[in-house]
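Numbering (numbering that gives the first Met the number 0), first residue to last: 0 to 373.
There could be a bad hint or two in this list.
The calculated SDA-like cross-link candidates involving lysine to any residue, where the alpha carbons are at most 25 angstroms apart (straight line), are [said to hold, decoys possible]:
| no. | residue 1 | residue 2 |
| --- | --- | --- |
| 1 | K17 | Q306 |
| 2 | K370 | Q306 |
| 3 | K358 | Q223 |
| 4 | K346 | E360 |
| 5 | K358 | E323 |
| 6 | K218 | E254 |
| 7 | K359 | F321 |
| 8 | K308 | K17 |
| 9 | K302 | E279 |
| 10 | K359 | Q334 |
No lab work stands behind these hints, which were simulated from the structure alone.
None of the values given here were measured: they were computed from a predicted structure.
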Amino acid sequence: MDLFDVYPLINIEPVRGKGCYVYDRDGNEYLDLYGGHAVISIGHSHPAYIRRIGEQLQQLAFYSNSVIISLQKELASLLGRLSGYEDYRLFLCNSGAEANENAIKLASFHNGRKRIVSFGAAFHGRMHGTLAVTDNPNICAPVNTRDHVTYVPLNDIAAVENVLRQGDVCAVIVEGIQGVAGIRCPDVAFLQALRTACDRYGAVLILDEIQSGYGRTGKFFAHQYAGIRPDLITTAKGMGNGFPVAGLLIHPKFEARHGMLGTTFGGNHLACAASLAVLEVMEEERLTENALNTGNYLMEQLKGMPQIKEVRGRGLMIGINFGEPVAPVRTRLIQEHRIFTGASSDKHVLRLLPALTLKKEHADVFLKSLKAIV
């Protein structure tokens, strides 16, 4: 049996990682500025992370949600305190798409409606419900219906209100920062107006913080720059530092009923141990603050390069727009300088999504290499 060939692969196999670096079979060192799609939050092979998972593995690796799992409550408590959402409740699952799928379902349970408002260039996942709100028809199969979804331009509150005033909108789903689209940021005023409009028309506001959450932008969640409180918040990616785990943060107004949501693997013992280790390291090492400081330094330096058309983002979620295809730049960074970066659906934008442990000296290595190329 062979693998189902759906991924365009870089011809490198990392076999070991430490901090912001990965190493191939020949011992070559690569600076990882992509973190496996923004997943590596506290760095590769962090000792506290390894210890937490190892200790749990020796106790109990898994049992289903048919029994009490006290680690789940411990995780919910710490996540609530560090994120500022102590009054919300947590539903644990396995992936960002699953978190968004459950958010949409819960919103529909709440108000009995089914129309969803999403935004141009949005990406929310590859499951049935999340594909419908993802603006990429190329990855939708014939079975994936989209007739209950209305797309509007990002940052256009008038367009949103035109749909909302029809009175049948279940939810509005928006990314804290559009990642796959090439790091497109919702305006602060737009998010504030969106919160007000959803309240006015009885729609649920879902903030997809799958890629932009967990300290990456210099706040725990990117939407907190706007000072709003969404009804539902989804998170994954950096939540487990590589262990598959995701969560849905739920406003107290939502009713919980046995059986309305469910998962076999979500919130298992190892997933909770990994997630607790991430939060503990984030707090102890002040990684959210580091993401802001290192990210600001990196963006300031990039903005001073005349070959770059635009730099977008917050913290360590950065998009570099060259105004021309970036594939050659990305290839040369890997082949000549051993630096991993990311592409996006915008072929002109290079994405940086490194571990939150990235330091100024790492940023300088990248900046020197980029200048040598462009």
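Consistency of the hints with the structure:
{"no.": "1", "hint": "K17 x Q306", "verdict": "violated, 32 angstroms"}
{"no.": "2", "hint": "K370 x Q306", "verdict": "holds, 9 angstroms"}
{"no.": "3", "hint": "K358 x Q223", "verdict": "holds, 24 angstroms"}
{"no.": "4", "hint": "K346 x E360", "verdict": "violated, 28 angstroms"}
{"no.": "5", "hint": "K358 x E323", "verdict": "violated, 29 angstroms"}
{"no.": "6", "hint": "K218 x E254", "verdict": "violated, 29 angstroms"}
{"no.": "7", "hint": "K359 x F321", "verdict": "holds, 23 angstroms"}
{"no.": "8", "hint": "K308 x K17", "verdict": "violated, 33 angstroms"}
{"no.": "9", "hint": "K302 x E279", "verdict": "violated, 34 angstroms"}
{"no.": "10", "hint": "K359 x Q334", "verdict": "holds, 23 angstroms"}
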